[in-house]
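Protein chains: 2
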Amino acid sequence: MRVGICGLGTVGSGLFNLFANNRSEIDRKTVISVELVQVGCRRDHPDCDLSSVNVTRDIFDVARNPEVDVLVELIGGTDTAKDLVLEAISHGKHIVTANKALIALHGNEVFAAADAKGVTVRYEASIAGGIPIVKAIREGLAGNQIEWVAGMINGTTNFILTEMSKEGSNRSFDDVLKEAQDLGYAEADPTFDVEGIDAAHKLTILASIAFGIPLNFEAMYTEGISRITSDDIQFAAELGYCIKHLGVAQRDGDDVELRVHPTLIAEDQMLAQVNGVMNAVMVGSDAAGATMYYGAGAGARPTASAVMADIIDAARETSVPNLGFNDWSEPNFLPISSISSSYYLRLAVEDKAGVMANVTTVLSNHEVSIEALIQKDARVRDAQIVILTNEVVESQMDAAISELESLENVTSSVSRIRVASF
Amino acid sequence: MRVGICGLGTVGSGLFNLFANNRSEIDRKTVISVELVQVGCRRDHPDCDLSSVNVTRDIFDVARNPEVDVLVELIGGTDTAKDLVLEAISHGKHIVTANKALIALHGNEVFAAADAKGVTVRYEASIAGGIPIVKAIREGLAGNQIEWVAGMINGTTNFILTEMSKEGSNRSFDDVLKEAQDLGYAEADPTFDVEGIDAAHKLTILASIAFGIPLNFEAMYTEGISRITSDDIQFAAELGYCIKHLGVAQRDGDDVELRVHPTLIAEDQMLAQVNGVMNAVMVGSDAAGATMYYGAGAGARPTASAVMADIIDAARETSVPNLGFNDWSEPNFLPISSISSSYYLRLAVEDKAGVMANVTTVLSNHEVSIEALIQKDARVRDAQIVILTNEVVESQMDAAISELESLENVTSSVSRIRVASF
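These protein sequences, in sequence, are chains L and X. Under my numbering, residues 41 to 462 are what the first sequence spells out, in order. Under my numbering, residues 41 to 462 are what the second sequence spells out, in order.
Be aware that one or more of the hints could be misleading.
Said to hold, decoys possible - Using C-beta positions, here's what the derived DEER-type ranges look like:
(1) X:D295 - L:R83: 39 to 49 Å
(2) L:F462 - X:P86: 28 to 38 Å
(3) L:Q415 - X:I414: 55 to 65 Å
(4) L:A152 - X:G158: 26 to 36 Å
(5) X:G132 - L:E357: 16 to 26 Å
(6) X:T231 - L:P86: 51 to 61 Å
No lab work stands behind these hints, which were simulated from the structure alone. Here a beta-carbon is modelled for each residue, glycine too, at the ideal position from N, C-alpha and C.
Only chain L is shown next, with the shape it has when bound in the complex (with noise of 0.2 Å):
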């Protein structure tokens, strides 16, 4: 099986390298064997010897070329992504793609096109980068109906809130995220990651592979982390949790309900432990319970196993469906106003006699219990109330939200943070 390579930055240069030092583990594994004929990229890489490859500066070349029988797009963006993909699918090529916004985003139209050629498409690097959670999800759990999927798919936004959670850290988002930039886990604009966006890219596509629905990205709720505050951090550790940024995709008959938020994880559940760049995603299903996958999330070896792994699926010629399904139901994507939670909420209230009453009934009116309550002293001005709730319907505590800060005494805005229910 003869492969072309497009795009030879980081993920690209750690694939071209995994195949020349896993030659003969690779040859021990395919009985077809995978070589690697093309590589297409605007200029060579100082970490790869190309004097054995056919070079090309344009990567349609590689789409084009009647040697290549799977097309390993690299390059990232989704528009010349995308064209360059729907180009090798019309020639006939399988695909192999680490683009997750592309899969998110024009997913639909590229699986559809790969049906009509009878050509597959794989993108296991897609997701939590060198965790193999496509093919447990698509395969390995195949036997299962899924119920839900939890996953911290996103490096940036874990590394931040683990070193604003270390103990006595006591540090402000903005100044994580700097540190976070000088060593290259965040970008020098980190809007993609830090607001979200990169995880709902993700979850999208854990989302239809373990329920059978169409690719729906605009069906995502997406909340990012840069609104946590180290007052967040420490008042949810008092209550025995932790602060994670946590793609959740649920279903529930037709109901589905995607969001990618910063959640209240109790701090004894596994997911509570994984800390740093890491990723992890929680699985649960029917048969087999919850289980868990764990990795690094990213980086190039780790992205470039995923690749390799997809390269050796297809040389293995399985025919599973490319999202796991060979029809898709039609779910009913709920609005983050109907979900079930349960809340963190915190507000500065005036430092008076009466304030707490009126927090405590304004909650009770709206049907909201307090499951934990603190409060700290004002030390300058205002004194800082902190409120873990019953679980609710979103819109119920919406209507609760504005009351709150509609109080004379309520000095803030309320800050909100979903309870994971796991």
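Given the structure of chain L, go ahead and fit chain X onto it with the hints provided.
Then chain X, alone, in the frame of chain L:
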């Protein structure tokens, strides 16, 4: 694809009902329809409505039935199971089995017969129940050279050690074993689980698919947990470790270590968080780095989940080699005396001047350094010394322990527990 199940015990009945419950979900995931056509069982199961399926009391009927494409072996044991599977293979049937002993002890013969007939043998359920670890190693990490596998793959031992480790528990092995038996987590004769044989069967298979080597149960060093005391648990905790029953397979060139034994694991490691009857396998590989897989290791439904995944895989006609590799390398299995490890040592000594000097001199003479040391005052007669050593070759440690035990003032044998190196 027509399926026949042999054995309708815990797993068989779980699988039978999973077929019924997830019928439509499975149809959505397979192009070729999967039909359950025959059940071979000595007696009916109260949870299963067998009215619409062909039932036989002779399981060999299933192996010979021309209407069956895949035989699912769930009878357990090795003798009849092996005859059954070989008979089915001789009739050109694919095999799915949950039987770790069969694969670990007779796998080489079974796979050779299957290869000769051009059929597949799948065994996802034989290791770690609901966790798709065979698929992860054989396919998800196929682009990697796998360097080591470390697994907590026996729920009974993990449950017992977890209970013994609970804050202030101070419970003995025998006491917790009895509770495990009452809860159904341990057999009336618990030898198979608590002495590590079950874990050794599973690790034999893991090592084969990770390294591409023949199945060799005989090469395994196997040690159980029955000698672990509550003192060991407490001393380990004081040093920042928990004690887990771990299977370790490690490759270095042609050298392969296979060992199952109690192991100290630093308490901030992911594997240290795996408690109760849960299982987890961590895999160290050259590109993906360390990835971990966590879930329920036993039980009707998790095991049925794995069996069903294999059945669906068969219907999807994947062409993955049975053990992941087309050809095997011939490894050099290292005896336990050749491995390198840090060690936890515990010994009782007379409470006299100079004893500590004697002990440390013996270690020093054998070039064993001390990383940490605890001495507990004698309350009754003898003092306890606990030592954490640097990494040395086991034969060196054997010699040191032998000399320690010959010291006049050392009043106990030396308890030794290996320490995880990751």
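Do the hints match the structure? See the list:
Look at D295 of chain X against R83 of chain L: about 42 Å separates their beta carbons, and that is inside 39 to 49 Å. Checked against the given bound of 28 to 38 Å, the beta carbons of F462 of chain L and P86 of chain X, roughly 32 Å apart, stay inside it. Look at Q415 of chain L against I414 of chain X: about 42 Å separates their beta carbons, and that is not inside 55 to 65 Å. A beta carbon spacing of about 35 Å between A152 of chain L and G158 of chain X agrees with the range 26 to 36 Å that was offered as a hint.
Separated by about 20 Å at the C-beta atoms, G132 of chain X and E357 of chain L satisfy the suggested range of 16 to 26 Å. Judged by the Cβ atoms, the range 51 to 61 Å given for T231 of chain X and P86 of chain L holds: they are separated by roughly 58 Å.
The structure is inconsistent with hint 3 alone, although it conforms to all the rest.
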